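Peer 1: Take a look at the letters that make up each chain.
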Amino acid sequence: MERMNFDLAQVPLRELNAFLHRDAPAQGVQKVVVTNPDGAHNIAVGLDCPIDVEVHGHAGYYAGGMNKTGTVTIFGSAGTGVAENMMSGRVQVKGFASNGAGASMHGGLLVIDGDAGLRCGISLKGGDIVVGGSVGSFSAFMAQAGRMVICGDAGDALGDSLYEAVLYVKGSIKSLGADARIEPMSEADYAAVKELLDAAGLQHDAGLKHDPRDFKRVASARSLYHWNADADQEY
Amino acid sequence: MCGIVGLLVKKPALRPRLGELMVPMLIGMTERGPDSAGLAVFTEPLAESRRKISLYSGMCEEGADFNWLGLSHELKEHLGIDATIAAQGNHAIVTASIVPEPVKRWIKERYPKLHILSTGRAIDLYKDIGTPAEVAARYAFSGLAGSHLVGHTRMATESAVTPDRAHPFTAGEDFCLVHNGSLSNPYGVRRMLEPHGIRFETDNDTEAACRFLEWRLREGDDLETALQRGFEALDGFYTFLMGTADKLALIRDPFACKPAVVAETDDYVAIASEFRSLAHLPDIAHAKVFEPAPEEMYVWNA
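Protein sequence lines correspond, in order, to chains E and L.
Numbered per the numbering used here, the first sequence finishes at 243, counting up by one with no gaps.
Numbered per the numbering used here, the second sequence finishes at 310, counting up by one with no gaps.
Be aware that a few hints might be false.
Stated by the list, open to error - Computed list of chain E residues with no C-beta within reach of chain L, every gap over 10 Å:
1) 33
2) 50
3) 81
4) 87
5) 131
6) 171
7) 179
Said to hold, decoys possible - If we take Cβ atoms under 7 Å as the criterion, some of the chain L residues that face chain E in the derived model are:
8) 264
9) 287
10) 291
11) 296
12) 299
13) 308
Treat the hints as calculated values from the structure; they're not laboratory data.
Predicted, not measured: the structure shown is a model, and the values here were computed from it.
Think of the CB as a built atom: it goes at the ideal place given N, C-alpha and C, for glycine as much as any other residue.
Given the sequences, and given the hints that come with them, work out the whole structure.
Peer 2: Below, the structure written as structure tokens:
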């Protein structure tokens, strides 16, 4: 059996997730198609095998969360915390994503074709996020490692208290957070943006929609790394 | 938590089906708000001189056995009012040609435990404790007709679980508000409003927001101006959904701490805390689905 369908209008979500956790790896199922997700929470969370999950419709909270080696594609929008704490693999949202997309991710690739809400990539610990649209305020807050490519605009306080994550933004940045700064793009940065756009498939879908040369690099000024007693709470 | 739902039908032919379309939306938000539920429905407005008052007797000793007919006789006897009363258990809608304030004052004096839910030419309001499914069945929500409605499922955090602290809250006439979130300065807002003669009926934080916005509207602000002042005066987490006789309005706090999603077709605009509550709506697969941005105003006309 290579392919399984789950109609969430007929089958409870727990049955789908139990199948993905236990039976799919044991039976060598390669693809699971989920229909009528109807905004259910926790769809395909905790994948731990290289399976391909397609979700046809709108997903609720935490879709594809904690993913390890799986591929989750949502043909619709995703609620709060899509791909939260992903370890590896790939999660793609064909529509928009709500708040906290890719929060605390450690690895893998999260692609959001549309806009992402607030706090996208908050506390990013590794892995890559590519957003075809814009991101809301406080995105990449305290992001420690990993990369984000934002093809649209960024809201307020982008990259507040950044550690070593690097952000590439094509559009306007409403405001940078504390300690985030715009830095010159190097050849390695252009190559990184191209690599991530290619990986996201955003280049090919619409031809050469985004030129890596149009992106700005945002990284940490590292001035918050050490306590400055003279700062007097002025950052 | 708490769940909010709103529905506005664009075609008059859908108005008789408003309640039927909404009930699954309300029940869909049960996990977000299992302790109380309520809704305000806006109907064709009454004639200029007429008003309807929604009343709740669940906090009276008689409860659902309240003598509504007796109330009708007393209104005639004491105030000379010919009122029609549509009663359903602990709920009734009193309709009459009246100036509402003296009548409401009389009701409060004569029946201090009878709760006045709403006043206006278009609004009918229902709210009670219980799960959304229980409350919807208790008041036959599926049979409600109208152009738009605002509903709420409550998981109480800021005040006790009682019928009068359930949402929607109303103030003035034909205005109601439901709230997902919690305000951090409701007492500051109340202290600011009280010198203007504004009285509060509960200790609920949402009531402060409701009375603040209605006060601004009464002072002459249009809805957009009132909401802008709301952004400045109200601190905390909120997604607010408001209803007036001819509008639905939605705002979210600048941090978008509480969710909202909108689905729009040629037939309707539907708003809910989560897509789960929109999934059953007709032709939802072709609806324009979007997440309202923080600190933006969304106003739809009925």
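Peer 1: Determine for every hint whether it applies to the structure shown.
Peer 2: Status of the hints after comparison with the structure:
1. With a cut of 10 Å on Cβ distances, residue 33/E stays outside the contact zone with chain L, its closest approach being about 29 Å.
2. No beta-carbon of chain L is positioned within 10 Å of the beta-carbon of residue 50/E; the least distance is around 12 Å.
3. A cut-off of 10 Å between C-beta atoms confirms that residue 81/E is not in contact with chain L; the least separation is 18 Å.
4. For residue 87/E, the shortest C-beta to C-beta distance to chain L comes to about 7 Å, within the 10 Å cut-off, and the non-interface label is violated.
5. With a closest Cβ-Cβ approach of about 16 Å to chain L, residue 131/E is found to remain outside the 10 Å limit, as its non-interface label requires.
6. Every CB of chain L lies more than 10 Å from the CB of residue 171/E, the least distance being 22 Å, so the non-interface label holds.
7. Distance check on residue 179/E: its Cβ is at least 15 Å (rounded) from any Cβ of chain L, clearing the 10 Å threshold; non-interface status holds.
8. Because the smallest distance between the Cβ of residue 264/L and any Cβ of chain E comes to about 5 Å, under 7 Å, the interface hint for this residue holds.
9. At a threshold of 7 Å, the smallest CB-CB gap from residue 287/L to chain E is about 3 Å, leaving the interface hint in force.
10. Below 7 Å, beta-carbon pairs count as interface contacts, and residue 291/L has none with chain E, the closest being about 14 Å; its hint is therefore violated.
11. This hint is violated: residue 296/L has a C-beta 11 Å from the nearest C-beta of chain E, more than the 7 Å allowed.
12. Hint status for residue 299/L relative to chain E: holds, with the closest Cβ pair at about 6 Å, below 7 Å.
13. For residue 308/L, the interface hint is violated, since its Cβ never comes within 7 Å of a Cβ in chain E; the closest pair sits about 20 Å apart.
Going through the hint list in order, the structure does not satisfy hints 4, 10, 11 and 13.
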